[in-house]
Amino acid sequence: MRFVLRRIFLLLMFNMRACLLKPVEVFDTTREDNTVFSFELGKGSVIQAWEIAVKTMKVGEVAKITCKPEYAYGSAGSPPDIPPDATLIFEVELVACRPRKGSSVTDVSEERARLEELKKQREHAAAAKEEEKKRREEAKAAAAARMQAKLESKKGQGKGKGKGK
Numbered sequence: 001m002r003f004v005l006r007r008i009f010l011l012l013m014f015n016m017r018a019c020l021l022k023p024v025e026v027f028d029t030t031r032e033d034n035t036v037f038s039f040e041l042g043k044g045s046v047i048q049a050w051e052i053a054v055k056t057m058k059v060g061e062v063a064k065i066t067c068k069p070e071y072a073y074g075s076a077g078s079p080p081d082i083p084p085d086a087t088l089i090f091e092v093e094l095v096a097c098r099p100r101k102g103s104s105v106t107d108v109s110e111e112r113a114r115l116e117e118l119k120k121q122r123e124h125a126a127a128a129k130e131e132e133k134k135r136r137e138e139a140k141a142a143a144a145a146r147m148q149a150k151l152e153s154k155k156g157q158g159k160g161k162g163k164g165k
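In the working numbering, the protein residues as written are 1 to 165.
It is possible that some hints are incorrect.
Stated by the list, open to error - Quick list of simulated restraints, FRET-style, between CB atoms: (1) K55 to P79: 23 to 31 Å; (2) A142 to A76: 55 to 63 Å; (3) D28 to E61: 18 to 26 Å; (4) D85 to A142: 36 to 44 Å; (5) P84 to E117: 42 to 50 Å; (6) K150 to E70: 51 to 59 Å; (7) E70 to C19: 12 to 20 Å; (8) G74 to A127: 39 to 47 Å; (9) A141 to G44: 48 to 56 Å; (10) A149 to D85: 54 to 62 Å; (11) I52 to K119: 19 to 27 Å.
Source of the hints: derived by calculation from the structure; they are not laboratory data. From the three backbone atoms N, C-alpha and C, an ideal C-beta is built for every residue, glycine too.
Using the sequences and the accompanying hints, generate a full structural model.
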């Protein structure tokens with residue numbers, strides 16, 4: 001199950017490798033020196049792509065994040081490593097997720113309950129969508145069968161019509 005990182009789990013720690021799309025060139029990594037990259041979600045201390053992408057990650061998950069310039073460093077770039085208008089690729093692994101200081105057990109329990117309810121709502125919506133898709137497919141098949149029958153009956157009526165005159 002994925003936990004949406006919102007109010008409770010704010011301090012995130014990652015192993016990561018970052019490179020430019022063109023030319024493919026690594027400009028940062030934590031793997032070589034065996035460190036982690038950490039930040040607090042929602043503080044604006046990382047590029048927008050990270051703020052958006054990591055919210056749904058779970059501990060242990062590995063993701064590849066491709067960042068368009070408008071979600072990274074934009075037209076300014078980040079000299080000297082990142083040129084203007086650069087598309088960036090990050091390979092990240094969420095290695096740890098810590099509760100915000102001051103969070104209580106009650107806060108964590110409430111957040112888990114909220115996430116479980118959200119999961120149930122999404123599953124229910126997905127099931128309803130699937131059922132609606134099935135109904136539409138059945139209706140299309142029935143309409144196609146009626147059309148086919150109508151064409152067959154017209155073919156049968158057309159034989160010999162107007163041939164004796």
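We went through each hint and held it up to the structure:
1. For the hinted restraint 23 to 31 Å between K55 and P79, the CB-CB distance of approximately 29 Å keeps it satisfied.
2. Checked against the hint of 55 to 63 Å, the pair A142 and A76 passes, with Cβ atoms roughly 59 Å apart.
3. Between D28 and E61 the beta carbons are some 20 Å apart, a value that agrees with the proposed interval 18 to 26 Å.
4. Here the CB-CB span from D85 to A142 is close to 53 Å, at odds with the stated 36 to 44 Å.
5. For the hinted restraint 42 to 50 Å between P84 and E117, the CB-CB distance of approximately 44 Å keeps it satisfied.
6. K150 and E70 have their C-beta atoms about 54 Å apart, which keeps the hinted 51 to 59 Å range intact.
7. At about 19 Å, the CB distance of E70 to C19 agrees with the hint of 12 to 20 Å.
8. In this structure the hint that G74 and A127 lie 39 to 47 Å apart at CB holds, the actual value being about 41 Å.
9. Our hint of 48 to 56 Å for A141 and G44 holds, since their Cβ atoms are close to 53 Å apart.
10. For A149 and D85, the hinted distance range of 54 to 62 Å is satisfied, since their beta carbons lie about 60 Å from each other.
11. Roughly 20 Å separates the CB atoms of I52 and K119, a value that falls within the hinted 19 to 27 Å.
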